[in-house]
Amino acid sequence: MKNRLRVLRAEKNWTQAELAELVGVSRQAIMAVENGKYDPALPLAFRLARAFGKTVEEVFVWDEPASLTPGGQHFEKEG
Amino acid sequence: MCRGHTPLITRNSIEPISTLLIVLCFATAIDIGAGWLLGRPGFEPHTRIVFALLPIPANLVLVGLIVRSIRNLDEFLRHVHLEAIAIAFLLTGLAVFVYGYLEKARAVRALNMGTVWIFMTLFYGIGYVIAARHYR
Numbered sequence: 001m002k003n004r005l006r007v008l009r010a011e012k013n014w015t016q017a018e019l020a021e022l023v024g025v026s027r028q029a030i031m032a033v034e035n036g037k038y039d040p041a042l043p044l045a046f047r048l049a050r051a052f053g054k055t056v057e058e059v060f061v062w063d064e065p066a067s068l069t070p071g072g073q074h075f076e077k078e079g
Numbered sequence: 001m002c003r004g005h006t007p008l009i010t011r012n013s014i015e016p017i018s019t020l021l022i023v024l025c026f027a028t029a030i031d032i033g034a035g036w037l038l039g040r041p042g043f044e045p046h047t048r049i050v051f052a053l054l055p056i057p058a059n060l061v062l063v064g065l066i067v068r069s070i071r072n073l074d075e076f077l078r079h080v081h082l083e084a085i086a087i088a089f090l091l092t093g094l095a096v097f098v099y100g101y102l103e104k105a106r107a108v109r110a111l112n113m114g115t116v117w118i119f120m121t122l123f124y125g126i127g128y129v130i131a132a133r134h135y136r
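So the protein sequences, as listed, match chains A and B. This note's numbering puts the last residue of the first sequence at 79; the count rises by one with no breaks. This note's numbering puts the last residue of the second sequence at 136; the count rises by one with no breaks.
Next comes chain B alone, as it looks inside the complex (with noise of 0.2 Å):
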């Protein structure tokens, strides 16, 4: 802090990224946990249906965290972030659209929907890359 002044504002600007890491280790983890009880067999179809809707309370928690996250960011982070996200969204567009028609040339497979999240955390890892540097 300043020598001999008090800030204008006190609110904590960021998150802790530790609550952030520990949810998301936990949804994960449940994530798994029920893709694991859905590839054995001898359960019932309601009963594989629970195991199928059981990681979204903790995927839900975890949405709700990023969002306060980004809510509690300054405007300049802000900024920053939605270039990133912008970039993210508009790259993972442009690889899906790409790859399906490589899929009507039969180039390449058919797309496993969860390699889409991959591509947008990719994209975005590349996105705030890019905007940070633009405002240094």
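Same shape as in the complex, but just chain A (with noise of 0.2 Å):
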């Protein structure tokens, strides 16, 4: 899953340790997650993107495997 909070988080001029305390969770948490290296749960991600102004899908971008769209392997098997 990517995400745009890096550049959200720039674009509000935040630091990492401000917005880990807006949403309420460590600056390592915040870091992860900037870094791709950690997902999120739902609330937090929830959390993220009220503290934006945004909805969840502003924020984070579903990285679906081509097995898993229309006209992939999943769907043909199904088809």
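Hints are supplied without guarantee of correctness; some may be wrong.
Claimed, not checked - Some chain B residues close to chain A (C-beta under 7 Å, calculated; not the full set):
hint, residue
1, D74
2, F76
3, L77
What the hints contain is simulated information worked out from the structure, not anything from laboratory work. All C-beta atoms in this analysis are idealised placements derived from N, C-alpha and C, irrespective of residue type, glycine included.
Take the two lone chains and join them into the complex the hints point to.
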């Protein structure tokens, strides 16, 4: 899963620590999410999105495997 | 705090480390005290049992504080600590297993069970460093 956290945070001119405090997690958590090392659970994803005034889909982009897209292997088998 | 914003949640995420350290020191002092009393002659058997059980209450408080600290961690830190605990658990198992065989081979002396706790603490530290680096 990809995310736009770093870009959105830069737009707001917030530090990682400030964003972490705003959503109630550690700075390490924000760093791990920004670096794509950790995918947050839904409650944190919603809190992050809400902090930027965005929807979850505007902040997090699901990197869908080809097999799960229409026309991919998974769908072809079902068809 | 971010300018012009109020936090979405206000709960403090981590137990103050000072509370844990104070209770840890207190529990350790009782552990050492109980050990010292048990090493002295002249006590009745039932008194010695009381001395042996003396460390339990303070250590139970310590366990409760640690569990509460873990529950107050955010989801990411819980993830890191879970990996650290898993690494510590498995490496301690491996160390005890290997030591047991070395003991059978008469290459080492019988294992003092107290050292298992030291192994666990050491491997927990190693596990934490590995897990924290992985998510950096």
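Results of checking the hints against the structure:
1. D74: holds, 4 Å
2. F76: holds, 4 Å
3. L77: This hint holds: B/L77 lies near chain A, its Cβ roughly 6 Å from the closest one there, short of 7 Å.
Taken one by one, the earlier hints all hold for this structure without exception.
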